[in-house]
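Enquirer: With the hints as extra help, turn the sequences into a complete structure.
Numbering-wise (the working numbering), the sequence shown opens with residue 24 and increments by one.
Think of the hints as simulated: they come from the structure by calculation, not from any bench.
Any given hint could be a false lead.
To be verified - Label pairs and their in silico Cβ distance ranges: (1) 52 <-> 152: 39 to 45 angstroms; (2) 40 <-> 161: 40 to 46 angstroms; (3) 185 <-> 40: 40 to 46 angstroms; (4) 182 <-> 140: 41 to 47 angstroms; (5) 32 <-> 140: 37 to 43 angstroms; (6) 232 <-> 146: 45 to 51 angstroms; (7) 220 <-> 256: 18 to 24 angstroms; (8) 41 <-> 211: 25 to 31 angstroms.
Computed from a predicted model, the values in this text were never measured in an experiment.
Ideal placement from N, C-alpha and C gives every residue a C-beta, glycine not left out.
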Amino acid sequence: MACQEVAKGSRVFLTEHSGPRQLMHSGRRLFRFMDSIYLDRPSEKLDRESIQILNEVRRPLLDRSEVAGVNARVRQALAAGAQAVAARSVLEWGCGYHPMHELLGDVDYAAVDIDPGVVAHARGLGIGPVHLADRDLGDIAPADVIVSPFVFHFRIPRRHIATMRRVVGPAGFVLANVYRRSPRARRELENAFRDAGLLLERRRDPAQLCVEHEFWCLYAPDRAGTNQARAREALEAVTAATDL
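Expert: This is the structure:
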């Protein structure tokens, strides 16, 4: 199967059409990321430049019916989780080219992304404050809930985790979907959040919309256990929305 690296050193490869989960190219083992896009390493090992290239390459694919349908269901599920805890302010972490603002109802919405092209696009939509990581992390206001669709399979730097912890404060939540990460990589990410003061509730996606797909809700512990109970309520709403 013909395969070509998008740009030298990008770690992102394209084939002519969707192929097997793994293939060999010039002595390197490549792993299918989605459709005809392949990577030479786990997605959580990509650097910022490779992620930006990947964003551009996959952008046209997100409008295909089968991909768009999965993306829409995951975003709707996370929105249901935010609504279940009566969020009045929501920060979307990694808004991409298809932000969630229209799914969240009447909330104070803000967004952040690492890609300057994405940030420029989102700002052009006039949807609220849109921040560029890492430059604007200190400008991000507190929020009741952070939603992060299709981001946690990438590397989450500790400074981003620290910012999330600050943003949600003592009673907020981080809602995300997780897939592709190995069990070890998931444990490492969970431990990084625990080190920052956020504990994890997780649920397996009953619809398995993506490979090894689960939903996470991160929360700050409190003596009464109220935050954990509310995190569970949020995840019940999330999984119910995907199982329709």
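Enquirer: It remains to establish, for every hint, whether it holds in the given structure.
Expert: Hint check:
For residue 52 and residue 152, the hinted distance range of 39 to 45 angstroms is satisfied, since their beta carbons lie about 42 angstroms from each other. Evaluation of the 40 to 46 angstroms hint for residue 40 and residue 161 yields a pass: the beta carbon distance comes to about 45 angstroms. Between residue 185 and residue 40 the beta carbon distance is about 42 angstroms. The supplied range of 40 to 46 angstroms therefore holds. The given range of 41 to 47 angstroms is broken by residue 182 and residue 140, whose C-beta atoms sit roughly 21 angstroms from each other.
Range check, residue 32 to residue 140: Cβ separation about 19 angstroms, and the 37 to 43 angstroms hint is violated. The beta-carbon spacing between residue 232 and residue 146, approximately 29 angstroms, falls outside the hinted interval of 45 to 51 angstroms. One distance hint, 18 to 24 angstroms for the beta-carbon pair residue 220 and residue 256, holds here, with the actual separation near 21 angstroms. Remark: the range hint 25 to 31 angstroms for residue 41 to residue 211 is upheld by a beta-carbon distance near 30 angstroms.
When the structure is compared with the earlier hints, violations turn up for hints 4, 5, 6 and for no others.
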